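Let chain U serve as the given structure and place chains V and L on it in line with the hints.
Line by line, the protein sequences are chains U, V and L. For the first sequence, my numbering assigns the number 1 to the initial residue and increments by one for each residue that follows. For the second sequence, my numbering assigns the number 693 to the initial residue and increments by one for each residue that follows. For the third sequence, my numbering assigns the number 795 to the initial residue and increments by one for each residue that follows.
Hints are not guaranteed to be accurate.
As the list claims (entries may be wrong) - Cut-off 20 Å, straight-line C-alpha distance, at most; resulting in silico cross-link-like pairs (DMTMM-like, lysine to aspartate or glutamate): (1) K583/U x D326/U; (2) K564/U x D327/U; (3) K170/U x D327/U; (4) K821/L x E788/V; (5) K394/U x E463/U; (6) K821/L x E782/V; (7) K170/U x E383/U; (8) K821/L x D785/V; (9) K564/U x E470/U.
To be verified - Okay, the calculated bits of chain L under chain U, using three or more residues with CB under 8 Å as the criterion: (10) 834-846; (11) 890-897.
As the list claims (entries may be wrong) - Chain V side only, calculated, beta carbon under 7 Å to chain L, not exhaustive: (12) N732; (13) Q753; (14) V784; (15) E788.
Don't read these hints as lab results, they were simulated from the structure. A quick note: this is a predicted structure, and the numbers were derived from the prediction, not measured. Note that the Cβ used here is the ideal one computed from N, Cα and C, for glycine as well.
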Amino acid sequence: MTIRQLLEILTVLIPLPPFLAFAFIVLFFNRWKRLSHSIAIGAMALSFLMAQIVFWTVIGWGGEALYEHPIAVQVPWLPSGDEVLSMGVMVDPLTAITLFFVSITCLAIFIYSVGYMHGDPRYSRFFAYISLFATGMLGLTVADNLLMLFIFWEIMGLCSYLLIGFWFEKPSAYRAAIKAFLTTRIGDVIMLLGIAYLYSQTGTLSFAAILRDEAVLHELAVTPSVISGLSVAAAVGLLLFAGTVGKSAQFPLHVWLPDAMEGPTPVSAMIHAATMVSAGVYMVVRMFPLLAVGMEGAVGTPPMVAMAIIGSFTAFFAATIAVAQDDIKRVLAYSTISQLAYMVAALGIGAYVAAAFHLVTHAFFKALLFLGSGSVIIGAHHEQDMMEMGGLRKRMPVTFWTFLIGGFALSGFPILTAGFWSKDEILAYAWHLNPVVFWVLAAGALLTAFYTMRQICLTFLGEPRGEHAEHAHETPWVMTGPLVVLALFALFFGFVGVPEEFPVLGELIGYNWFHHFVGATVGELLHHLPGPESFNPVPLAISVVAALGGLTLGWLVYGRRPLKAGETDPLARWLGPVHTVLKNKYYIDELYHFVFIRPTVWLAGAVFRWFDRGLIDGILHGIARLGEILGIANRWVHTYVIDGGVVDGSAKVVGATGRELRQVLQTGQVQHYLLQVLMFLCAFALLYILFF
Amino acid sequence: MVPLQWYLVLSAALFCVGLYAVLARRNAISILMGIELMLNAVNINLLAFWRYTQPEAAVGQAFAAFVYAVAAAEVAVGLALIVSIYRNRETVDVDEINLLKW
Amino acid sequence: MTVQQVLFFLFGAIALGAAIGMVTARKVFHAALWMLLAFFGVAGLYVLLEAPFFAAAQLFVYMGAIGVLIIYAIMLTRGMMRQRLPRVNDQWWFAGLLAAALLVVLAWLVWQHPWATTTAAAPADSLNRLGLTLVDPEGFALPFEVASVLLVMALIGAVTIVRER
Numbered sequence: 001m002t003i004r005q006l007l008e009i010l011t012v013l014i015p016l017p018p019f020l021a022f023a024f025i026v027l028f029f030n031r032w033k034r035l036s037h038s039i040a041i042g043a044m045a046l047s048f049l050m051a052q053i054v055f056w057t058v059i060g061w062g063g064e065a066l067y068e069h070p071i072a073v074q075v076p077w078l079p080s081g082d083e084v085l086s087m088g089v090m091v092d093p094l095t096a097i098t099l100f101f102v103s104i105t106c107l108a109i110f111i112y113s114v115g116y117m118h119g120d121p122r123y124s125r126f127f128a129y130i131s132l133f134a135t136g137m138l139g140l141t142v143a144d145n146l147l148m149l150f151i152f153w154e155i156m157g158l159c160s161y162l163l164i165g166f167w168f169e170k171p172s173a174y175r176a177a178i179k180a181f182l183t184t185r186i187g188d189v190i191m192l193l194g195i196a197y198l199y200s201q202t203g204t205l206s207f208a209a210i211l212r213d214e215a216v217l218h219e220l221a222v223t224p225s226v227i228s229g230l231s232v233a234a235a236v237g238l239l240l241f242a243g244t245v246g247k248s249a250q251f252p253l254h255v256w257l258p259d260a261m262e263g264p265t266p267v268s269a270m271i272h273a274a275t276m277v278s279a280g281v282y283m284v285v286r287m288f289p290l291l292a293v294g295m296e297g298a299v300g301t302p303p304m305v306a307m308a309i310i311g312s313f314t315a316f317f318a319a320t321i322a323v324a325q326d327d328i329k330r331v332l333a334y335s336t337i338s339q340l341a342y343m344v345a346a347l348g349i350g351a352y353v354a355a356a357f358h359l360v361t362h363a364f365f366k367a368l369l370f371l372g373s374g375s376v377i378i379g380a381h382h383e384q385d386m387m388e389m390g391g392l393r394k395r396m397p398v399t400f401w402t403f404l405i406g407g408f409a410l411s412g413f414p415i416l417t418a419g420f421w422s423k424d425e426i427l428a429y430a431w432h433l434n435p436v437v438f439w440v441l442a443a444g445a446l447l448t449a450f451y452t453m454r455q456i457c458l459t460f461l462g463e464p465r466g467e468h469a470e471h472a473h474e475t476p477w478v479m480t481g482p483l484v485v486l487a488l489f490a491l492f493f494g495f496v497g498v499p500e501e502f503p504v505l506g507e508l509i510g511y512n513w514f515h516h517f518v519g520a521t522v523g524e525l526l527h528h529l530p531g532p533e534s535f536n537p538v539p540l541a542i543s544v545v546a547a548l549g550g551l552t553l554g555w556l557v558y559g560r561r562p563l564k565a566g567e568t569d570p571l572a573r574w575l576g577p578v579h580t581v582l583k584n585k586y587y588i589d590e591l592y593h594f595v596f597i598r599p600t601v602w603l604a605g606a607v608f609r610w611f612d613r614g615l616i617d618g619i620l621h622g623i624a625r626l627g628e629i630l631g632i633a634n635r636w637v638h639t640y641v642i643d644g645g646v647v648d649g650s651a652k653v654v655g656a657t658g659r660e661l662r663q664v665l666q667t668g669q670v671q672h673y674l675l676q677v678l679m680f681l682c683a684f685a686l687l688y689i690l691f692f
Numbered sequence: 693m694v695p696l697q698w699y700l701v702l703s704a705a706l707f708c709v710g711l712y713a714v715l716a717r718r719n720a721i722s723i724l725m726g727i728e729l730m731l732n733a734v735n736i737n738l739l740a741f742w743r744y745t746q747p748e749a750a751v752g753q754a755f756a757a758f759v760y761a762v763a764a765a766e767v768a769v770g771l772a773l774i775v776s777i778y779r780n781r782e783t784v785d786v787d788e789i790n791l792l793k794w
Numbered sequence: 795m796t797v798q799q800v801l802f803f804l805f806g807a808i809a810l811g812a813a814i815g816m817v818t819a820r821k822v823f824h825a826a827l828w829m830l831l832a833f834f835g836v837a838g839l840y841v842l843l844e845a846p847f848f849a850a851a852q853l854f855v856y857m858g859a860i861g862v863l864i865i866y867a868i869m870l871t872r873g874m875m876r877q878r879l880p881r882v883n884d885q886w887w888f889a890g891l892l893a894a895a896l897l898v899v900l901a902w903l904v905w906q907h908p909w910a911t912t913t914a915a916a917p918a919d920s921l922n923r924l925g926l927t928l929v930d931p932e933g934f935a936l937p938f939e940v941a942s943v944l945l946v947m948a949l950i951g952a953v954t955i956v957r958e959r
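So that you can see chain U by itself, here it is in the shape it has in the complex (with noise of 0.2 Å):
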């Protein structure tokens, strides 16, 4: 058996065992937690061993000698006329690196978990829905068709419901629940739409038959679809990009994320930094080559132009939101949003490469975050409220570190972290490509660099501001070592991308590794999309200021002087009404349930009231009233003219008749609801033959 051979059974095995660790659970083991944590745990482990062998093996071939030749299987699944539907796996480099940190951060949260649901009444439970998570996740990374992909995109979509609704007794758990499913299921059928679409086109949604034949490309940019000045590729790709915005909560579907902040600390940094948003980001990655098909130069295409748009715009206004939260959490949440921004952004400008490598430094410093907040919750005695913390760089040191490399990288402080990195090579093709979205996209990065330090400074520095933080102790090994772990990547991971032409250290490391690997991926394209041909000063200067002036305004408005208890934020006090305003988040979630909610509810009833009961039992009612005005009447006649006993007869006979259509609509049994679809088969059927 060739490397090759056992690389691509390799790969096939990824998925399965959290799989089978998750039936296991559920099916057998759902009484001895130990048990439970430890099989979660070893399935997990066993996934992360054979994506790094993958991996790492693949490093060696390079990223070139992999797109010529990528870890490929497919299986037939249904032959259905003359189509055959495959399923199957590939590995390509972005795949590699995806599955690089899908599995470090899943083991690590893998792990913490067992501190940070010890006690829990459903602890197994909540081990086989995040070992049902990582199949998801691991199996839509090396999907190697759209249709395989939305698969585990929709198992990923049900556990996140079920994981944000995991302590269910709570209202507000299980509305956000139903929130993050509906919310996200909006962009989902927009999504499948795209898929059909493209499959109607092409015949087939395989990533290797679409995306690396130039032909079938060209044939989709060059088609008109349907609505006029489109291309099929433009229009698929607005399409898929719809899915984008639902599952990485970009605006207007953003207002899912921070709701799903109920769900247990470890399901926010599993959603929120490593796997479901970015899978959303990794989506439109995966299908760049068609949503950037028909570009001239920096010109983007309609697809393009969207992502530009919604991500500049998301990544600055997400931030203003949250700079005025005081859950610790959901100023992650936010932040999050409007890192994902960045990337969308990024890709919308053609700057493939940063995206990526943005996704996958920020995978592990919000994994780190969220993991960093967790363990401050836990500590704090489920304290969530950033305003009644303070005082615990003392009480949990390791935590503090941490989350202080989290934040800085997340502000990307330069050099330094990982973070600075990817943020900074986004904003110089930026710079270089779309003066606007680099404006708006510094302006972020600065106030991101704000919040993050307004958080370590309210929940780390000063005096404890309430009685929780007080008696805030370090949290077991179990949580620590994952964050220590996670910190690792957040400082060092940033040097596989450092760009070439980057004074001093570019020549001292001198070759972007990341750059070469995963910009194989696209083969070609890479070298026809725009970029800065040499090094510029003035974006890294700009994002330098940025990152710094940042961080430096937050220490001066809350870190010099911190916060006593009962005292309000300062930023309210200068800001007033505006703050008033970011706060509750410009009032969207108010908006969607005055403009959406309000009105389907309403619609519903009225639906109801007037339709079911008004019309429907109307007609019957009338039905029924005119077959007893006719007997009556009938009868009247009648009784003068002939006898009356068959004519009495016949009214009652109608009327009984109305009475029974009326059962037959509105009984609840199943028989009937059957025999009203038969109803309308019959009545299109009639309608097809009759005018078709």
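Frame of chain U, contents of chains V and L only:
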């Protein structure tokens, strides 16, 4: 040779008779029998299409075989449900099985 | 009219007549017997369609297994048979009407559609081909395996559902 239409019309007739049983009978077991009849009608269709369009390929037959498997599974689980309901509620009258009404 | 056509009418009449007998039978047990007869008629049609394997499977699986299973279920719920209930629900006439309407629609569709049929004879080794297709990885090997898993699951599920607690 028998025209294909004859088979199709006959299977449509069997299907509709089965459908009538599903829609109108009160006894849950009768409904299940109606479903079996409908599945049989489907199978006649599949085999007729196989025979009259692509006798050299075995796809139509394969689908018919899967219908058999599904029908067997369906009747096993269906009857188990009916027996279980009967045990708990002393009835197999579907008019009274409406717990999921609201 | 060829022999085949005569046989078609014979078996078709058996199947359809028994089916109608099934849905109109007063007692469930009689309905089950009618159902077996209908299955027999369908088996005859399979022979006419040159699918002897399915004719045999029809006898084994439907008349044997499913028939016996249904009769068992009737026996197990026999308390029901003593009650005097109307055998159909209130909507029977409407259901019959709609089923008839559907039949008319279907028959019309079938009749007016120009079917591209072939007169080629069925290959002598059609069963052989079926077997190969079912286990061919390029064909139906995976669905085939999944079907067997489905059957096992149905078996376990049925046992779990009816088990006395």
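Hints versus structure:
{"no.": "1", "hint": "K583/U x D326/U", "result": "holds (8 Å)"}
{"no.": "2", "hint": "K564/U x D327/U", "result": "holds (17 Å)"}
{"no.": "3", "hint": "K170/U x D327/U", "result": "holds (17 Å)"}
{"no.": "4", "hint": "K821/L x E788/V", "result": "holds (19 Å)"}
{"no.": "5", "hint": "K394/U x E463/U", "result": "holds (10 Å)"}
{"no.": "6", "hint": "K821/L x E782/V", "result": "holds (18 Å)"}
{"no.": "7", "hint": "K170/U x E383/U", "result": "holds (16 Å)"}
{"no.": "8", "hint": "K821/L x D785/V", "result": "holds (14 Å)"}
{"no.": "9", "hint": "K564/U x E470/U", "result": "holds (13 Å)"}
{"no.": "10", "hint": "834-846", "result": "violated (count 0)"}
{"no.": "11", "hint": "890-897", "result": "holds (count 4)"}
{"no.": "12", "hint": "N732", "result": "holds (5 Å)"}
{"no.": "13", "hint": "Q753", "result": "holds (5 Å)"}
{"no.": "14", "hint": "V784", "result": "holds (5 Å)"}
{"no.": "15", "hint": "E788", "result": "violated (10 Å)"}
Violated hints, in rising order: 10 and 15; the structure is consistent with all others.
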